[in-house]
Amino acid sequence: GEKLKENMFCTHFEKAYSSVQGAYPIINREMAIRLCDDYEFINREEDTGSEGLRRAKRSYHPEIWLEKYIAECD
65 GEKLKENMFC THFEKAYSSV QGAYPIINRE MAIRLCDDYE FINREEDTGS EGLRRAKRSY
125 HPEIWLEKYI AECD
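Reading the sequence shown from the start, the letters are residues 65 to 138 in this note's numbering.
Keep in mind that the hints were calculated from the coordinates and are not lab data. Heads up, the beta-carbon is just placed ideally off N, CA and C, and yes, glycines get one too. Any given hint could turn out to be false.
[Stated by the list, open to error] Straight line, CA to CA, 27 Å or less: simulated DSSO-like cross-link-like pairs of lysine-lysine: (1) Lys-67 to Lys-132; (2) Lys-69 to Lys-79; (3) Lys-121 to Lys-132; (4) Lys-79 to Lys-132; (5) Lys-121 to Lys-67; (6) Lys-79 to Lys-121; (7) Lys-121 to Lys-69; (8) Lys-79 to Lys-67; (9) Lys-69 to Lys-132.
[Stated by the list, open to error] Pair by pair, the computed Cβ-Cβ distance ranges are: (10) Cys-100 to Glu-136: 35 to 43 Å; (11) Ile-134 to Cys-100: 31 to 39 Å; (12) Asp-138 to Val-84: 41 to 49 Å; (13) Glu-136 to Arg-93: 34 to 42 Å; (14) Cys-100 to Tyr-133: 29 to 37 Å; (15) Val-84 to Glu-136: 38 to 46 Å; (16) Asp-138 to Asp-101: 46 to 54 Å; (17) Asp-111 to Tyr-81: 13 to 21 Å; (18) Asp-101 to Glu-136: 25 to 33 Å; (19) Pro-89 to Glu-127: 27 to 35 Å.
All chains should be built: construct the whole structure from the sequences, respecting the hints.
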């Protein structure tokens, strides 16, 4: 990830062994702990439409939840 704004860090991707139960929540928790002094917000970026990932992101009670849109060109 990287600094997106003065008060916001953006996570581009997360990697863990899916076979390790709780690996992703631990990654998110530990990253947030390490960033909490430097950033007010963590943007976890696109959820790629994955219902499981969307549900997980909602469980963190986000400050802002943007609606998704699809643009098509003719």
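Here's how the hints hold up against the structure:
1. Lys-67 to Lys-132: holds (23 Å)
2. Lys-69 to Lys-79: holds (23 Å)
3. Lys-121 to Lys-132: holds (14 Å)
4. Lys-79 to Lys-132: Answer holds: Lys-79 to Lys-132 is near 24 Å, not above 27 Å.
5. Lys-121 to Lys-67: holds (20 Å)
6. Lys-79 to Lys-121: This hinted pair holds, its Cα atoms lying about 15 Å apart.
7. Lys-121 to Lys-69: holds (20 Å)
8. Lys-79 to Lys-67: holds (19 Å)
9. Lys-69 to Lys-132: holds (22 Å)
10. Cys-100 to Glu-136: 35 to 43 Å: Given a distance of about 40 Å, which is inside 35 to 43 Å, the answer is holds.
11. Ile-134 to Cys-100: 31 to 39 Å: Cβ of Ile-134 to Cβ of Cys-100: about 34 Å, so the range 31 to 39 Å holds.
12. Asp-138 to Val-84: 41 to 49 Å: holds (46 Å)
13. Glu-136 to Arg-93: 34 to 42 Å: With Cβ atoms ~38 Å apart, the hint holds.
14. Cys-100 to Tyr-133: 29 to 37 Å: holds (31 Å)
15. Val-84 to Glu-136: 38 to 46 Å: About 39 Å separates the Cβ atoms of Val-84 and Glu-136, which means 38 to 46 Å holds.
16. Asp-138 to Asp-101: 46 to 54 Å: Given about 49 Å between the Cβ atoms, the range holds.
17. Asp-111 to Tyr-81: 13 to 21 Å: holds (20 Å)
18. Asp-101 to Glu-136: 25 to 33 Å: violated (43 Å)
19. Pro-89 to Glu-127: 27 to 35 Å: violated (19 Å)
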